[in-house]
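S.K.: Quick mapping for you: the protein sequence lines, in order, are chains G and F. First residue of the first sequence: 148, per my numbering; consecutive thereafter. First residue of the second sequence: 1199, per my numbering; consecutive thereafter.
Bear in mind the hints are in silico, worked out from the structure with no lab data behind them. Be aware that one or more of the hints could be misleading.
Distance condition first, Cα-Cα at most 30 angstroms in a straight line; then the derived DSS-like pairs of lysine-lysine [said to hold, decoys possible]:
no., chain 1, residue 1, chain 2, residue 2
1, G, K164, F, K1288
2, G, K212, F, K1288
3, G, K212, F, K1277
4, G, K232, F, K1211
5, F, K1205, G, K221
6, F, K1222, G, K232
7, F, K1205, G, K212
8, F, K1297, G, K232
9, G, K212, F, K1297
10, F, K1288, G, K200
11, G, K180, F, K1263
12, F, K1263, G, K221
13, G, K212, F, K1263
14, F, K1301, G, K232
15, G, K232, F, K1263
16, F, K1222, G, K221
What the simulated footprint calls covered on chain G by chain F, stretch by stretch (three residues with Cβ under 8 angstroms from a Cβ of chain F suffice, anywhere in the stretch; the number is not a length) [claimed, not checked]:
no., segment
17, 179-190
18, 210-219
Far from chain F by the CB rule (all over 10 angstroms, computed), these chain G residues [unchecked claim]:
no., residue
19, I163
20, K164
21, T170
22, I172
23, I173
The beta carbon of each residue, even a glycine, is placed where N, CA and C say it ideally should be.
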Amino acid sequence: MKIGLQDIYLNRNMTIKKEELETMIIQAFPEAKVEIIDLAGDDNHYSLIITSKRFSGISRIDQHKMVYEALDGKMGNELHALTIKTLVN
Amino acid sequence: MMDKNIKEEIVEKVSQDDLHLFMKGTPLFPECGFSNTVVQILTYLDAPFSSTNVLENEDIREGIKEYSNWPTIPQLYFKGEFIGGCDIIKEMFESGELKEELKDVII
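Take these sequences, add in the hints, and give me the full structure.
M.R.: Written out as structure tokens, the structure reads:
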């Protein structure tokens, strides 16, 4: 679908549903404990807390990169604001 | 692929000062809450930094994401190395790690 300026102003097609976000994360991290909060109720500002043993021994930057990879390029595009906190269990 | 000149410009920016922040807006007038958070933390720590407003340069805005393989702005560089975006800098600040890491440059 073509996205017009109007859509961008109105934020149409530039959002992601919580369920979709959750599915992408769980698919990439089936072992993890995942908590997602829709911060503003606008499908656009989320907080993600993800706990996985796969983060063990990996730098914070690379842990976050693993999460971004799971989101398959959506971060910074459809997904505007996602606060990420990675924890190791 | 990023233009060679853009990459050179980025390398120059991240190596000219100990701390360089790629942000939306300026330290006095941040145009994004995440950029603002990093500015506030660095100011609180008395850590001098230079900055680039990516909203003024689309090539740098896209180039920096490719340079660090990191999809979002702000991005903080310390001694030429990417050390984190807003979440990581905030976490490092809260744990005291950031103050420790930046101790050489804090006034």
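S.K.: Check the structure against each numbered hint from earlier and tell me which ones fail, lowest number first.
M.R.: Hint 17 alone not satisfied by this model.
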